[in-house]
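**Student:** Construct the entire structure; sequences and hints are all you get.
Residue numbers (UniProt numbering), protein chains in the order written: chain A, 1 to 179; chain B, 1 to 123; chain C, 1 to 188.
Hints listed in this document are in silico derivations from the structure and should not be mistaken for laboratory results. Please read these numbers as outputs of a predicted model, since none were measured by experiment. Built from N, CA and C at the ideal position, the CB exists for glycine as well. Don't take every hint at face value.
[To be verified] Distance ranges between label pairs, derived from CB positions:
hint	chain 1	residue 1	chain 2	residue 2	range
1	C	A74	A	T132	19 to 25 Å
2	A	R34	C	T154	27 to 33 Å
3	A	K145	C	Q9	24 to 30 Å
4	A	E29	C	T154	32 to 38 Å
Each chain, written out:
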Amino acid sequence: MAVERLACGRDPDDVWEGLDRGPDEHERECPTCRAARESMIKVRDATLTMRERNDAPELAPPVNLASSIKSLARVQVRRDRTFSVVRDDAGELTTSEWAVVQTVRRALDPIEEIRVQRVRISQTSSGGLALTILIIISFGQRVPKVADEVRAVAEHELRRQLRQAVERVDVRVGDIREW
Amino acid sequence: MYLQGTVLGDDLPDRDQVRRLVAERVRSTPGVARLEPSLQQSLSKIAGRASGLLTGRQRPDSDGGVHVTLDGTTAHIKIDLVIRPDESIIRVGDEARAGVWNLLREAGFDVVKVDVAVLGLDG
Amino acid sequence: MNGVGSSGQDEWTLVTRAQDGDLEAFGALVDHYSPKLFRFAMRLLFNRADAEDAVQDAALQAWRKLPDLEDPDAFSAWIYRITRNRCSEIQRVAARRATDPWDPTEMPEASDHRPNPQSQVETGEALAELEQLIQGLSDDLRACWVLAELEEMTYQEIAEIVGTTRSTVRGRIARARAQLAKGMAEWQ
Numbered sequence: 001m002a003v004e005r006l007a008c009g010r011d012p013d014d015v016w017e018g019l020d021r022g023p024d025e026h027e028r029e030c031p032t033c034r035a036a037r038e039s040m041i042k043v044r045d046a047t048l049t050m051r052e053r054n055d056a057p058e059l060a061p062p063v064n065l066a067s068s069i070k071s072l073a074r075v076q077v078r079r080d081r082t083f084s085v086v087r088d089d090a091g092e093l094t095t096s097e098w099a100v101v102q103t104v105r106r107a108l109d110p111i112e113e114i115r116v117q118r119v120r121i122s123q124t125s126s127g128g129l130a131l132t133i134l135i136i137i138s139f140g141q142r143v144p145k146v147a148d149e150v151r152a153v154a155e156h157e158l159r160r161q162l163r164q165a166v167e168r169v170d171v172r173v174g175d176i177r178e179w
Numbered sequence: 001m002y003l004q005g006t007v008l009g010d011d012l013p014d015r016d017q018v019r020r021l022v023a024e025r026v027r028s029t030p031g032v033a034r035l036e037p038s039l040q041q042s043l044s045k046i047a048g049r050a051s052g053l054l055t056g057r058q059r060p061d062s063d064g065g066v067h068v069t070l071d072g073t074t075a076h077i078k079i080d081l082v083i084r085p086d087e088s089i090i091r092v093g094d095e096a097r098a099g100v101w102n103l104l105r106e107a108g109f110d111v112v113k114v115d116v117a118v119l120g121l122d123g
Numbered sequence: 001m002n003g004v005g006s007s008g009q010d011e012w013t014l015v016t017r018a019q020d021g022d023l024e025a026f027g028a029l030v031d032h033y034s035p036k037l038f039r040f041a042m043r044l045l046f047n048r049a050d051a052e053d054a055v056q057d058a059a060l061q062a063w064r065k066l067p068d069l070e071d072p073d074a075f076s077a078w079i080y081r082i083t084r085n086r087c088s089e090i091q092r093v094a095a096r097r098a099t100d101p102w103d104p105t106e107m108p109e110a111s112d113h114r115p116n117p118q119s120q121v122e123t124g125e126a127l128a129e130l131e132q133l134i135q136g137l138s139d140d141l142r143a144c145w146v147l148a149e150l151e152e153m154t155y156q157e158i159a160e161i162v163g164t165t166r167s168t169v170r171g172r173i174a175r176a177r178a179q180l181a182k183g184m185a186e187w188q
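**Tutor:** Written as structure tokens, this is what we have:
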């Protein structure tokens, strides 16, 4: 929906765009445009002052805002995102999904042709591990070759971390681009 | 009784002593970066404001990463920890578990259960 | 990709790691965005306590819903959008409360949703006048105008935040500007 034109037919947007240059011939003559320019200049100038005050203390958040958000986020970390690694008479060793994901991400870091977007780990119905890795890949790579390398590195790392063979590794290419 | 540099007397150690001993043993396990204090679940019900009066209540009633339950000669320990990068979750986790288990058996507990949760890597 | 955080990790990396559950990465995003989101919420709500609530709620909602964000590059628009929606909700609640028929004795000024007084000594009267006029804009116009003029976002970014088209955004900004200009003209 367009803004109403001024009485003289001019588009207010054009008047606004033209504020920095001096008034053109029409704007010098036309009382509507003159009045529009004048009020718009007031808006522009006050807006600039307002923008300059973006860093003013009254617009700064309370000192504890960021830390309180982080504390509350921490509580929400889903406890059910942990799984059992070893269970015996002496107790249980569990690990969070995030810890395992981190190790896989670290292991994949050196592979320069890719960037790891997402790593998901889950347990299959038979109790085995399933890994899904979403990567972005740079131009000119042979996708199957890179995917195989990713798969091999991930499998190796999981075996090292958990002494379990992984049942399934899905490597998905989300995008091909430069970064 | 004398254990890890602490004189315990003939009785079994109490909760605080156990917590301290366990924490020391875990921290000295190779590959452990730190214990990870966990927050009480009840905090999720408090939606306080950063600037408001509830800020004090948001401070976690932390167990320092070691949760101890003692019942006579039975000890149940839960440990949350973070390992160093490039370490193996199972190697470090199991070594911490075994270390604490042995420690508590040496301290005189008959039945010992040690649960270790590896929550992440440091860095 | 933008640089965010003390470790210099780009935003794409922080967002994707946070999506996988990395609290530290999320923390870096919170450190970067919470001051901007707070400022944005303040300009919509004019009340510190409400703005704080809005940003805190929005950030926690973002944390819960992060795994569902398909395009990590869209994080900024996404979190601004959540914040904006939270602000609208808070305003709806405040408006309902102000007209609550069950409590006729409660004066609107006494509710804690009233705007905080601006410091008029320092800011000058034109600025104070503009702030008044901005408060008088409708929710939609104000959001678009604030994002364009005070947060200096492009029409495309604003469109993604408010969930509409670029041309609608352009129209709203033009209408907001017309209203503000009219108000400034009438003021002496």
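**Student:** Against this structure, judge whether each hint is valid.
**Tutor:** Outcome of the hint check:
A hinted range of 19 to 25 Å for the beta carbons of A74(C) and T132(A) is consistent with their spacing of about 21 Å. R34(A) and T154(C) have their C-beta atoms about 31 Å apart, which keeps the hinted 27 to 33 Å range intact. Separated by about 28 Å at the C-beta atoms, K145(A) and Q9(C) satisfy the suggested range of 24 to 30 Å. At roughly 35 Å, the beta-carbon separation of E29(A) and T154(C) lies within the given 32 to 38 Å, and the hint holds.
Hint compliance for this structure: every hint is met.
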